[in-house]
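As you go down the protein sequences, you meet chains A and B in turn. Per the numbering used here, the first sequence starts with residue 19, numbered consecutively. Per the numbering used here, the second sequence starts with residue 44, numbered consecutively.
The hints are simulated quantities; they were obtained by calculation from the structure and are not laboratory data. No residue lacks a Cβ here, since even glycine has one placed at the ideal position from N, Cα and C. Everything hinted at is true.
Far from chain B, by Cβ distances over 12 Å, these chain A residues were calculated:
#, residue
1, Trp147
2, Ile149
3, Asp155
4, Glu302
5, Thr361
6, Ala384
7, Gly460
Partial chain A-side listing against chain B, Cβ under 7 Å, derived:
#, residue
8, Phe165
9, Arg173
10, Ser181
11, Ser190
12, Val248
13, Glu258
14, Gly269
15, Phe272
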Amino acid sequence: MTERPRLTASEAAQRAGAAVAQGDGRFVALFADTDAAGDQLRYIVAAGGRLALISGVVEGPTPSLDRAAARWHEIAVSEQSGFQIAGLPQSPSPITPSDAEAYRSVGSPELSTVLYGPVRSGISEAVRWIIETAGEDFVAVHASFGFKNRGLERRFVGVPLESACLVAEEVSSATAASHASAFARAGEDACGIEAPVRAAAIRAILVEFERIHQHLDVLGKLADDASLSVGSAQTFAAKERVHRLLAEAVGNRFARGVITVGGARFDAFAGLSESCGRSLDALEREVCGVVDELFATPSWIDRLVATGRLSGEIVRAYGGVGPVARGSGVDNDARGLDGWLFTPQEGDAALATDGDALARARVRRAEIRSSFRLIRNALDAAPAGPHWVSFPTGGRGEGVARVESPQGELVYYVRFGAGIERVAIRSASFQNWPLFVPSLAGWIFTDFSFIEHSFGLIVAETDR
Amino acid sequence: MSWIVRGLRGGILTTHYPHGPEEMPAQWRGVAKALAGARAQEYQLGAAACLSGAIVAQADEAHVLQERCFQCGACARVAPRAFGMSNDYELALVGADPSTTQDRLARRAASLGRSIMIRHVDAGSDFATDQEVQALFNPFYDINRLGIFLTATPRHADLLVVTGVVTHHMVESLKRTYAAMPDPKIVVAVGTAAASGSFYAADDVYGPVDRVVPVDVKVPGGPPAPLSILHALWVALGRTAARARETEA
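Generate coordinates for the entire structure from the input sequences, incorporating the hints supplied.
Below, the structure is given as structure tokens:
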């Protein structure tokens, strides 16, 4: 990375704000950091298909970007680092109901407040929703995150670079390959090296398998929500088959312990190509058959259509990513950008415009199909050569990289000097959760799980 | 109608386990094991590569604290003559004496009557562990066939399944869930993070599950396979013996 001119945090905020305001500009991340130059704020923005890092030294309060997309980031920075952001709303809630498109404001004394979580029925992650209701409808909903804060960004500090991907995988093991790939690429960016093509193929295959099993997880939960027990059982059985293929090919059902900085820990390509040769066709038939059957089940479709609708405008305002954004016609698939080797072809773009739970499910269905195609492309490319390159030790540098995880764009920032000094993670879930509350507007309690599952977000990578 | 046809055409997927054996693929990484006859240097190399401190290397031997192993395989990769990965999935760990523990657990399970109701708490998981618990209900494992069911309230629960290292914010919720369960109650800590705290920094999390509530059975894994969790439940119900746990002492 080139030497950047020294800015103040306020100047950095101004530049970031200007970049976001332009044409295809989009706010991506904001985090606090302290290095030799002092306390800093670092903004990441996307423009022209690339990520740009804008850093500035903190001198007094920094003005808020005053954008919905940046609000959770600004709240997190001011709460966790103590750096003041001027112009933040007083309310500690990450989002207030007044932000929602069509929220009704009911000043009735008959409102009751329901604390939903962090321990909920079934098997679900720890998060709390504070729901104000007059009976069945959502009058106001507040998100309360942080129950699962495990200090994982701090845990990276001091870990040898060759082991650090194992920490990244723990952030969300369900999407371990995405996290490991994003960290590895950020580390490689900082070292000024590039992983060999064979390693890039291994990463692409594992990330696409991950997309398939996580999308099946979402569809299986949506089927279960509709009391479609056979459909749900069949969908989870299809998911199980994906995990079995991964266990056979790389030794772990979630493909942990494969990806590392510089490439892959071992030549997983051979195992993947052998297992895929044996069972990829049958797996694809089974997975696509079950998913087609779901979409041919009218009682399921009826439950999803129009539910939890989000307009493209609000998705853009909140900087939404992944299937949530693509369900509302906002396309920002990171696989098409940033030199990810195996990108979707024309016609693969999974876009829907209705913005409802059904649209998000349709996007996932289309992505499952294109993931199988991408896996085949990567296998057919059969890149020979090494699966790993060594990286220089004792170097200093910083790097940023992104990977299209099943939930959407996942961004890692890495800085090292004497070992790893700072890692910042902007997960797709962190960026998309603020959209959940507006999507509830006008719906009632029984719709909650449909809307929540249609988002398919992960609390583990939000809280970290 | 077509769901029924699809289901019938698929045949029976369900495992016979725990009534019959199952096999894991040859590549599958169970937990790390120390091999005899390597050099001290190699044992130290493996111990240094372990992020979660699962390996205690001595002069000419090493032993593995299984509850700390999260199956990454780093030790076996850097020191292949000193460490290997087992291929098994029956990884559940109980107190110092497995056979007396089995008696005790069996008596407790017998007092519960016939079916077993499970409550799940995510105390700070990596999400994959939750999905593997969920997988127990898919047709491949179908634990309902063993009389094990999920319940929505701790008041009806016999057995508490906890995933993830316990975070500061989840201590109270975990305590209250446990307190709300009727006696006798059984607790299973699922995954290396829940069992031992894995590689989490001591300052940033509260600790493993047994720092908050008494734990009967621990099953390591990152995440543990559904078969490993099923085995742990079977151990917790006193139906089979666990392996002895190697402690830090």
